[in-house]
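Asks: So the chains spell out like this:
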Amino acid sequence: MIRRTKRPAKRPTRRHALSTRLWHWLNVICVVIMFMSGLNISNAHPRLYWGQAGFAAREAWLHLPTFPGWATIPGYYSLSGARDWHLLIAWPFAIGLLAMWVAMLANRHFVRDLTTRLNEWRWSAIRADIAAHLRFDFDHGGGKYNFLQKLAYGGVLGILLPGMILTGLAISPGIEPSFGWFVQLVGGRQSARSIHFLFAWGTVLFAVLHIVLVIASGPIRQLRDMVTGGRAS
Amino acid sequence: MKRRSVIAGLGALLATGCSKVADSSTGQALFKAADDWHRKAQRALTGRKAMAPEFSRAQISPYFRGNGSLTVGTPGYAAALENGFADWRLKVTGLVEHPLSLSLDNIRRLPQRTQITRHDCVEGWSAIGEWTGPQLSLLLEAAKLKPEARFIVFHCADRLRGQSYYESIDLDDAFHPQTIVAHSLNGAPLPERNGAPLRMRIERQLGYKHAKYLTMIEAVASLDQIGGGQGGYWEDVAGYQWYAGI
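Chains as they are written, first to last, in my numbering: chain G, 81 to 313; chain S, 842 to 1087.
Isolated chain G (complex conformation) (with noise of 0.2 Å):
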């Protein structure tokens, strides 16, 4: 690789730190929990509403499919069998990714490959990204990431994820009290349990595309380097 710019002086000498890694395959396990014991869940009653209250089918905004047991953890409707692995997997996924921004804070992963500079947020800038994506050219320039890869990354660490967090308290009644400020500000609870599902299929439309692109791109050193960290480019 051609080295283009001039670099900070402490450069890491992996590709992937190992906070990184660590935290990339326990949320991978956490997120297809949490989707597929969610989907169950979903089952239970599948309409979404807005607003603060809802039951009867005419309130609802959207009438859900019921998503087959190949789909669901367990593989059969269980309310309770979903809760328990949806609430024991909480644990690990919330703090996995509280863990994930004090690394990436503290190893400037998140200041060095993750923020977006202003420029590259001009319009022609954007679209000469798109171009190169669907040329299926993955040629970085000078950064780690290129601006969409930020812009995935990001939305994904920073709004997604958490997302999922904050909604699903927001869902729960014993932190009401407390987080009453937050339900309102989404709209209320059958709004917040909108919006978690909604960012449910946001992560996993997310990761559909970040499995396409890993492939696109050779899999097997994108896969390698997760593991093992590769070398720093």
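Be aware that a few hints might be false.
To be verified - If you anchor each label on the Cβ, the simulated ranges turn out as follows:
1) S:860 with G:91: 27 to 35 Å
2) S:853 with G:146: 14 to 22 Å
3) G:291 with S:1001: 38 to 46 Å
Hints in this document: simulated from the structure, not taken from any laboratory.
All of these numbers come straight from a predicted model, not from anything done at the bench.
We put the CB at the ideal spot given by N, CA and C, even for glycine.
Dock chain S against the given chain G, drawing on the hints supplied.
Replies: Same frame as chain G, but now just chain S:
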């Protein structure tokens, strides 16, 4: 490559792994521990007396759905409903100094609390209603708990699938200001489907904790000897979480 079958295969593998964990005693212990951590974290973050949100009259749901038992369904209950529950008694017993047996009149003459709160079902839906009744703490103070009492058990007249409904809470929730023995919904006596003549309101927990068709309040030191030992009907028959604040 049949991607769909690969995904289904991976899903099945994961599901098998998960069911192995769930069926193991370690898995069950973990689930119980996680529920316990949620309770402790919520109590630590919210404070013991922190209040559930209350709403305005304009936000009351036009129809308050009934769920679970919609009636007790016995001739005795039908007769009681007919005569306005004149002979209904609510007993306060167990680990108390002064057991009580209260009529509906007794209960209505106590200081009342009216609260417009949101009922959150474990299934996911919510409904808002205005509930009126005395705080449970009044009854428990009148009966005077013995020091060894740790849980309050609610016994009900209704049966589901051949078993009597019951529920239980700890003393934090029992003495919470919004924990009331409700006899009215939206200014009228409780409808049959919502638990007439008396039901619990435990506003910081999910709906299945709010026992309906209430006949007896019992103070106990342990839940092991009550029903199936898990602290409630749904806990016993289907493995629902005892702490339902999440």
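Asks: Take the hints in turn and mark each one as holding or not.
Replies: Evaluation of the provided hints:
1. S:860 with G:91: 27 to 35 Å: Given a distance of about 46 Å, which is not inside 27 to 35 Å, the answer is violated.
2. S:853 with G:146: 14 to 22 Å: holds, 18 Å
3. G:291 with S:1001: 38 to 46 Å: The hinted range 38 to 46 Å holds for residue 291 (chain G) and residue 1001 (chain S), with Cβ atoms some 45 Å apart.
Consistency note: the structure conflicts with earlier hint 1 alone.
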